[in-house]
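Make the full structure from the sequences, and use the hints.
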Amino acid sequence: MVFAGFMFILAVLFTVSATDAVEGAGPIRIGLTPTIPNDQYRVIEEWRLYMERELERPVEFVWRNSYIETMDLLRAEKLDYAWICDYPFVYFKGQVKLLAVPLYQGRPYYQSYLIVPAADTETTSLAQLKGRLFAYADPYSNTGYLTPRYLLAQSGEDPDHFFSKTFFTFSHRKVMEAVALGVAQGGAVSSHVWDTLLKTTPELAQGTRIVSKSPEYGFPPLVARPSVSETEFRTMQKLLLKMMVNEEGRSLLRRLNIDGFIAGEPSLYDRVDQMMQVVGKK
Amino acid sequence: MRSPFDLSFRLKIPLWGSLLIVVTTLAISTSMMVQAYNDVRSDLVSSASSLGGTLAQTLFPAMLHDDVWQATEIIRASLHGGRESNVLRPELVFVLDREQKVFISSQPQTLPLLADIRQRGEEYRRLVDWIATDAGLETRSLELAKFHRIYVATPIVDTGAYLGTLVTVHSKEALLARFYSVAWRGLGIGLVVLAILLPINWFWGRRTAVPMVQLTNSIVDMAQGRASHLLPQNYTHRDELGRLFEAYELMVEFLQDRARLEQGMIRAERLAAIGRLSAGIAHEINNPLGGMLVALNNFRRRNGQDERALATVSMIERGLHQIHEIVNAMLVEAKGKARDFAPQDVEDIHQLLAAETRKCQVTLQIDSNIERPVPLRATLVRQILMNLTLNAIQASDRSGEVRCTIHIAGDQLLLHTENGGKTIPPEVVDHLFEPFVGNRESGHGLGLWIVYQIVTQQKGQISAESRGGVTQFTVNLPLGDPA
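The listed protein sequences derive, respectively, from chains A and B. As numbered in the working numbering, residues 1 to 282 make up the first sequence, in order. As numbered in the working numbering, residues 283 to 765 make up the second sequence, in order.
Don't read these hints as lab results, they were simulated from the structure. There may be inaccurate statements among the hints.
[As the list claims (entries may be wrong)] Here are the computed lysine to any residue pairs in the SDA-like style, where the Cα-Cα straight-line distance is at most 20 angstroms: (1) Lys165/A - Asp349/B; (2) Lys130/A - Pro394/B; (3) Lys165/A - Pro625/B; (4) Lys165/A - Leu346/B; (5) Lys199/A - Gln111/A; (6) Lys165/A - Trp466/B; (7) Lys130/A - Leu396/B; (8) Lys165/A - Leu553/B.
[What the hints assert, rightly or not] Reference listing, derived: stretches of chain B covered by chain A, where coverage requires no fewer than 3 residues with Cβ under 8 angstroms from a Cβ of chain A: (9) 391–399; (10) 622–628.
[What the hints assert, rightly or not] One-sided and incomplete, this derived list gives chain B residues near chain A with beta-carbon spacing under 10 angstroms: (11) Gln339; (12) Arg358; (13) Ser360; (14) Ile386; (15) Ser387; (16) Ser388; (17) Glu404.
This structure is a prediction, so every number in the text was calculated from the model and none was measured. Every residue, glycine too, gets a C-beta built ideally from N, C-alpha and C.
See the structure below:
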């Protein structure tokens, strides 16, 4: 009995320590998507070291080329957190938990830009691109996919047959490249990426021309898998929100071309939800 | 106009040499340039083929998934990197799908996606026709000269499934630029070679031609009877040309000898004929002359002649004696006692001529190596020496010097006289030994004729030379048997 009791205590202890190892000691894995405007490996690495110091735990960033891959990893619990787009957040509603919303120009919003090659001085609306080649960013991107399709559906066009051909570049930046190069005659990109590249790589941004801007959408959020413990969730959220108030954090934010993070509300993304209802999940 | 083949060797040898050098240099340069162009082109095609092969492999999955952007990134990567002026880098890369529509293109502005390439002008129509001719799986190249481009087409195939064709287009401008840089270098080297070889050729050609031309001119002169020696040191090498020069010199010597010989023979024959004629005449005159003198003698012995008749006979007799003397002088005959010529005779001559030398104020130097009698008839040798030396004294300038040499040389007696004074004209020298030709107003003009007759009768030789104010007579007499 005594032995059995001892064994029980041992088993409990072992289980607790094993859980601790998963929850507290192992590396935190954060998924990244092409939401990040530029290939800012250096600032991301510095951000990772910043997090490690703040959390006193190893942090890993996991890069994936498409939203869906990141989402799959998140749903398979291979990731703890991810910086995704607003559209997958809505698409996989309930399967992820809103962690933080970046502030861009002081507000948690961004837009979709309809762009054409700079040489094209005639196009003034999406409707004029009928029968042309169009570059999408990612099938799970709002500003780079859902928005133009929604606008077409709104105007009574069939988004699947409006363009002669469409293709995905799996990156907002590459949509800009494809348009600037003339591979596509039109494209849709995140305003955050376009604005950021106008500062960092002006020759690329200037190779394109903004035809129209969409209404504002909630900024691509950082999300957590639902199984992340409350404590850890709060710790991580606190870390992000706190970045605005210390110098190192502000420096990192500046280089990421955002102003900070807020906790945010899922209702920020209601507009995307409505658009998705119109266009359908495809 | 003269044919270039008729030009002088002076021009022809350097010109032909230069032409050969230029043609050879051009031929070598051209072949090197063609080789260089082919090398550059073959480098380009092989590099483009290997690029095409690699790209086609990576493009297959992108095309299979209709991933336009990935495919675009793949071909864009092939256009970057390396040096800016990389000749091997394609100017344009595009992929055609199975319907020959543009799947992707590195220059979408000029060759947009989905465009039917057949509609993009003759260049692409011909290209597509060429691609369609053989749907093999090999990388192939095509050059459309009109468009200054080289096209390399690689089928995008995996396990026999054909998705389209990758075409890399290379501008010939870059190819030509590289070729021109090679060509300019080649041209520079060619010019340096020409700059070295042409002057050498010109120098050597003239060096060979100038002596040949001189030789030719001399031979032409020779053919026209003006054989003359070439300038010494004209050509000093021992090659065929050098031997030709030697042969020419020998030929000139031979011809001059022969000319001299011919002249001598003609002169000797002429003198012999004159001798025979004069001897004949002398005999014919001497016979009646003797009769006439006897008759006159008889006439005088007869008494009863008046003074005037005797005076007339006497005058006729003197005239006849003079004729007799002259005729006898022409008939040179060995007369008198046969005595050998001795050193004393030399002394005698000196004595006999002393009065004349004083009269003419001339110094006479007789150089003799005769120490004992020589086997020649003294009267004849004395006659020769007297005549020649007397002539020399009389022809000499006032206060001049006359040299007379009497030497035994081998089996010959050599007599030589030399005096200064007026040069005897060559046309007179030729007839000097004929009777009545003397160069002087005094004398009967038979002195040298007599000398000549004696010398030829003794089988000797005589020659006269007058040049530059010096007149020389040379006599060779073969020694006979002692008396």
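>> Checking each numbered hint in turn, tell me which of them this model violates, lowest number first.
In response: 3, 6, 8, 10, 11, 13 and 17
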